[in-house]
Amino acid sequence: MKGMSVIVKQISRLMYPSILVLGVYIILHGHLTPGGGFAGGVLIAGAFTLLVLAYGADEVTTARGKWRATLGESIGIFLFWFIAVLGIVQGGYFFLNMVNHGEPLQLFSAGIIPLCNIAIGIEVSAALFAIFITMSVLKLGDKV
Amino acid sequence: MVTALILLIVLMILGAIAALESKDLLSGIISLGIIGFALTVIFLILQAPDLAIVQIIVETMTLVILIAAVMKTTKADTVETFGKHSIFLGLVGLVFVFVFIWTAVKAFQQMPGFGSMPLRMASEYVNNGLALTGAGNLVAAVILDFRAYDTLGEATVLFTSVVGITAVLRKLGRNRV
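Protein sequences appear in the order of chains A and B. Taking my numbering, the leading residue of the first sequence gets 284, the next gets one more, and so forth. Taking my numbering, the leading residue of the second sequence gets 250, the next gets one more, and so forth.
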């Protein structure tokens, strides 16, 4: 896939850090403000997609990116299952909110909910980026 | 509020019809975007910012993926043929439309009014959610604490769909290349 013009490249280079920061903010504040792991993860995937669309991608970077995306997706879903199973180990049932709840309405509060948000964020961002690469960048015969 | 909702729903129906009837796949996808963005505005009017954020981001991302896929492959729609079977299919479709509309009318008559909260589970969540989970966002408290099984299934569905897409769209077997 070829890249786009210089204007698009410059604008997307200026834009993608703020999109990434917004995505991380939405994930980390998922238990306080609207949003959460899903919305923030899609934002992060959107930042990477913007870069790929603006700058283009050749075979090597595509293969590497797809490998990393599928790896990140597996790590995210594994973390989510791990947190869920940790509840059984700690106190007897699945998805037990075993971490101390802390003071309400603070950033570090609500037990496992922020941890689950982070896991879902990793999983969703990597999954959507993998779908994008697979559906729109790879060509027939790419060895990936 | 009701007038704005009706206008937006009419706009969504028009967008759906345009997406179905357009010969160019690219304009079809853009008309599909009308539905999603109008749904975002509806969620905002109905005071559901969580859903509105997810809807607008996912809609944009889906449109980008679909447009990139169409630009890569083809813009031409498939040609439909008409015959005896299309009359039968149309009749079956009409029957299903009437069945669904009848069921929807019967179901909506039993729903509680907008803003009222007579459900026992919902009032439990709203009253005790902050004390039980410590999360200020009640939606996060519901989807990640009370109903975390649902979210786990949802994440697993996404994982499985990505595995399926990468397996199907690889197009060539790994050993043959």
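Hints listed in this document are in silico derivations from the structure and should not be mistaken for laboratory results. From the three backbone atoms N, C-alpha and C, an ideal C-beta is built for every residue, glycine too. The reader is advised that the hints may include incorrect statements.
[Claimed, not checked] Computed footprint of chain B on chain A, listed as stretches where at least three residues anywhere in the stretch have a Cβ under 8 Å from a Cβ of chain B:
| no. | stretch |
| --- | --- |
| 1 | 302-316 |
| 2 | 319-325 |
| 3 | 329-341 |
| 4 | 363-371 |
| 5 | 387-394 |
| 6 | 406-416 |
Evaluation of the provided hints:
For the stretch 302-316 of chain A, the stated coverage by chain B holds: 5 residues have a C-beta nearer than 8 Å to a C-beta of that chain, and at least 3 were required. Counting residues of the stretch 319-325 of chain A whose C-beta sits closer than 8 Å to any C-beta of chain B gives 4, which meets the bar of three, so the coverage hint holds. Taking a C-beta to C-beta cut-off of 8 Å, the stretch 329-341 of chain A contributes 3 residues in contact with chain B, enough for the three needed, and the coverage statement holds. Coverage of the stretch 363-371 of chain A by chain B holds in this model, with 3 residues showing a Cβ closer than 8 Å to a Cβ of that chain against a need of three.
Check on the stretch 387-394 of chain A: 5 of its residues sit with their Cβ under 8 Å from a Cβ of chain B, so the three-residue criterion for coverage holds. With 7 residues bearing a CB less than 8 Å from a CB of chain B, the stretch 406-416 of chain A meets the requirement of three and the coverage assertion stands.
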